[in-house]
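Chemist: Can you build the whole structure from these sequences, using the hints too?
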Amino acid sequence: MRLAWLGTVGTLALALATPASAYLKLGFEVSGRQIPLKWNQTPIRYFVENRAVAGVSPSDFQAAVARAFATWDAVSTSTVTFQSAGLTSSEAGIVDGQTTLGFVDRPDLDRVVATTSFIVNTTTGEIVESDIVFNSAFPWSVSPSGVSGQYDLESIALHEIGHLSGLSHSALGETELRSDGTRRVLGSEAVMFPIAFPAGNIDGRKLKADDIAGISDVYPAQGFAAATGSVSGRVTKDGSPVFGAHIVAFDLGRGSLVGNFTLNARGEFSIAGLSPGPHVIRVEPLDDAPPDSFFNGSTPVETNFLVGFFERLVVVPSGGDSGAIEVKVRSK
Amino acid sequence: MSARLTAFTFVCLVWFAQSASAQTFSRIEIGGGFASIGSSTVGSQTATETGSSGSPLTLFTTSTALGWSTGLQASAGVRLSRVIQVEGAMSYAKPTLTTSIAKDFENGPATNATEKIRELTIQVNGIVALSAGGSRFQPFVSGGLGYLRQLHEGDTLLATGRTFQAGGGVRILLRSDSQGRVDRIGLRGDVRVLARTRGVAPDGGTHTAPAFGASVFFGF
Numbered sequence: 001m002r003l004a005w006l007g008t009v010g011t012l013a014l015a016l017a018t019p020a021s022a023y024l025k026l027g028f029e030v031s032g033r034q035i036p037l038k039w040n041q042t043p044i045r046y047f048v049e050n051r052a053v054a055g056v057s058p059s060d061f062q063a064a065v066a067r068a069f070a071t072w073d074a075v076s077t078s079t080v081t082f083q084s085a086g087l088t089s090s091e092a093g094i095v096d097g098q099t100t101l102g103f104v105d106r107p108d109l110d111r112v113v114a115t116t117s118f119i120v121n122t123t124t125g126e127i128v129e130s131d132i133v134f135n136s137a138f139p140w141s142v143s144p145s146g147v148s149g150q151y152d153l154e155s156i157a158l159h160e161i162g163h164l165s166g167l168s169h170s171a172l173g174e175t176e177l178r179s180d181g182t183r184r185v186l187g188s189e190a191v192m193f194p195i196a197f198p199a200g201n202i203d204g205r206k207l208k209a210d211d212i213a214g215i216s217d218v219y220p221a222q223g224f225a226a227a228t229g230s231v232s233g234r235v236t237k238d239g240s241p242v243f244g245a246h247i248v249a250f251d252l253g254r255g256s257l258v259g260n261f262t263l264n265a266r267g268e269f270s271i272a273g274l275s276p277g278p279h280v281i282r283v284e285p286l287d288d289a290p291p292d293s294f295f296n297g298s299t300p301v302e303t304n305f306l307v308g309f310f311e312r313l314v315v316v317p318s319g320g321d322s323g324a325i326e327v328k329v330r331s332k
Numbered sequence: 001m002s003a004r005l006t007a008f009t010f011v012c013l014v015w016f017a018q019s020a021s022a023q024t025f026s027r028i029e030i031g032g033g034f035a036s037i038g039s040s041t042v043g044s045q046t047a048t049e050t051g052s053s054g055s056p057l058t059l060f061t062t063s064t065a066l067g068w069s070t071g072l073q074a075s076a077g078v079r080l081s082r083v084i085q086v087e088g089a090m091s092y093a094k095p096t097l098t099t100s101i102a103k104d105f106e107n108g109p110a111t112n113a114t115e116k117i118r119e120l121t122i123q124v125n126g127i128v129a130l131s132a133g134g135s136r137f138q139p140f141v142s143g144g145l146g147y148l149r150q151l152h153e154g155d156t157l158l159a160t161g162r163t164f165q166a167g168g169g170v171r172i173l174l175r176s177d178s179q180g181r182v183d184r185i186g187l188r189g190d191v192r193v194l195a196r197t198r199g200v201a202p203d204g205g206t207h208t209a210p211a212f213g214a215s216v217f218f219g220f
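Protein chains in written order, with this note's numbering: chain A, 1 to 332; chain B, 1 to 220.
Among the clues, some could well be false.
Said to hold, decoys possible - Examples of chain A residues toward chain B, derived with CB under 8 Å:
hint, residue
1, 185
2, 187
3, 197
4, 252
5, 277
6, 278
7, 282
8, 309
9, 315
10, 317
What the hints assert, rightly or not - To list a few chain B residues with every Cβ distance to chain A over 12 Å, as calculated:
hint, residue
11, 71
12, 80
13, 86
14, 94
15, 124
16, 138
17, 143
18, 149
19, 168
20, 180
21, 181
22, 183
23, 189
24, 208
25, 216
If you're looking for bench data, these hints aren't it; they were derived computationally from the structure.
Computed from a predicted model, the values in this text were never measured in an experiment.
For every residue, glycine included, the Cβ atom is placed at its ideal position computed from N, Cα and C.
Modeler: Printed below as a string of structure tokens:
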């Protein structure tokens, strides 16, 4: 068994080429083979560092992350579960054979609120250990209603636990570019969107349809595949495939949004975990967050095209795929 | 266009109809012809994201309608008395489900996304004649309920529901012969309000549409 320490999420984003797969998962490439990350055994045991930071006692910290873990645990269409192993004096982010959540003071990382790292079996992609580190240079809150100017620990933990479980980022969100080059979130419909809501906001405590589809795709419960379906196809511009386009399926009946990307040189995509019924398909360029939040940069992401909609309603069947569609986009 | 053709055919047949002889009481009646169902809005849904300001951010809006369609209809009825008849009826059509997409947050173009639906209804109706007979023109009122079966495009998904209808019409007797195997031949036209519940409607609700029918009937 070969183990390897893998860096933070930004270096791990994986483009899965298998059309039947869905949702952007974390992984790495070995000898041309793409290996997604996944825990093979559950419940996933985790420790919480026995250290206080301003405004957050160890017991507050433990309770807040427990609520976040419980939120993922409660997804009925996913089999992943978690178990608290209590407090530890070990530091998070150190390779010690245990999954630990803790704080570290990194004022130099003034745009990184938290990170997740992994120890994985490079042959199978099995996650052996995963640590989540929260940057104590930022102000934190565990208040039930949030505190203005302070980041909500439960919301950030919910996002990072998604990474711990093997999920990469979702592009379901809208941002605007500030004069200093940073981005302000205007709206988001996925906990796994890479940019957090402003400090004080607690809307990130609730999983959305896109998050649920993702975790259920990685750890599907019995019957999930039979009860849901997928949309697949390709995105082209002037007849050429588009890599890195963001595709969103909108369920007309439920009003839910689930997204994915074109993940290979043929411009192919697949969005799974969708409820049966007609869907509207929307395609947009990846311009609301840095592309390296999603992909590892080896293939350039095409962003020179306009938002477009597929001209047919796409009907998702139960336990099957809609049949390949081609969404044609136009240059800006 | 199809509604006009139906109406034109109906008028032509009436113009060339032979005068009816003495009225005959037919116990069984079967008929076939065309049915047109008007369009109806079947659901509106807004794609929203959780807004950072506390209010939802609209990504885009949708409004879905089941379009006008003309198809085939057939019926078979039993006359319970001079004025009351019970019938079973079927209709088949291919309306288009159209979703109009607008107000995209990033100025995506307003678009219509469509799919073709195959629709089958099976109904049980009660018909009450407004006159006991003696005239070639026999107005009636009707009402009934039934089963709705709609197949999405490509037959990938089935949606079912119920139908309810109420309306009225007129029978025009073209031929009446108490000695023949067929007692009566005539034309029937009706106007109804048709309510469809669930089916392909994204909102799962009940939606009404006007419906028109024209058929030939045979009495035995």
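Chemist: Using Cβ atoms only, decide whether residue 309/A comes closer than 8 Å to chain B, and label the hint accordingly.
Modeler: This hint holds: residue 309/A lies near chain B, its Cβ roughly 4 Å from the closest one there, short of 8 Å.
Chemist: Is the Cβ of residue 216/B farther than 12 Å from every Cβ of chain A?
Modeler: At about 36 Å from chain A, residue 216/B clears the 12 Å cut-off, so the statement holds.
Chemist: Quick check for students: does the CB of residue 71/B sit more than 12 Å from each CB in chain A?
Modeler: holds, 21 Å
Chemist: When the nearest CB of chain B is found for residue 185/A, is that gap smaller than 8 Å?
Modeler: holds, 5 Å
Chemist: The output says residue 208/B does not contact chain A. Does that hold with a beta carbon cutoff of 12 Å?
Modeler: holds, 20 Å
Chemist: Given a cut of 8 Å on the nearest C-beta pair, is the interface hint for residue 317/A held or broken against chain B?
Modeler: With a minimum Cβ separation of about 4 Å from chain B (threshold 8 Å), the hint on residue 317/A holds.
Chemist: Test the statement that residue 124/B is away from the interface with chain A: the closest C-beta pair must be farther apart than 12 Å.
Modeler: Holds: least Cβ distance 29 Å, greater than 12 Å.
Chemist: If I take the minimum Cβ distance from residue 143/B to any residue of chain A, is it greater than 12 Å?
Modeler: At roughly 30 Å from the nearest Cβ of chain A, residue 143/B sits farther out than 12 Å, so the non-interface label holds.
Chemist: Under the criterion of a CB-CB separation shorter than 8 Å, is residue 282/A in contact with chain B as hinted?
Modeler: holds, 7 Å
Chemist: So, residue 278/A near chain B? Judge it on the closest CB pair being under 8 Å.
Modeler: Status holds, d = 7 Å.
Chemist: Non-interface claim for residue 181/B: all C-beta distances to chain A beyond 12 Å?
Modeler: holds, 48 Å
Chemist: Non-interface claim for residue 80/B: all C-beta distances to chain A beyond 12 Å?
Modeler: For residue 80/B, whose nearest Cβ neighbour in chain A is about 42 Å away, the distance exceeds 12 Å, so it holds.
The structure fails none of the hints (numbered hints given earlier).
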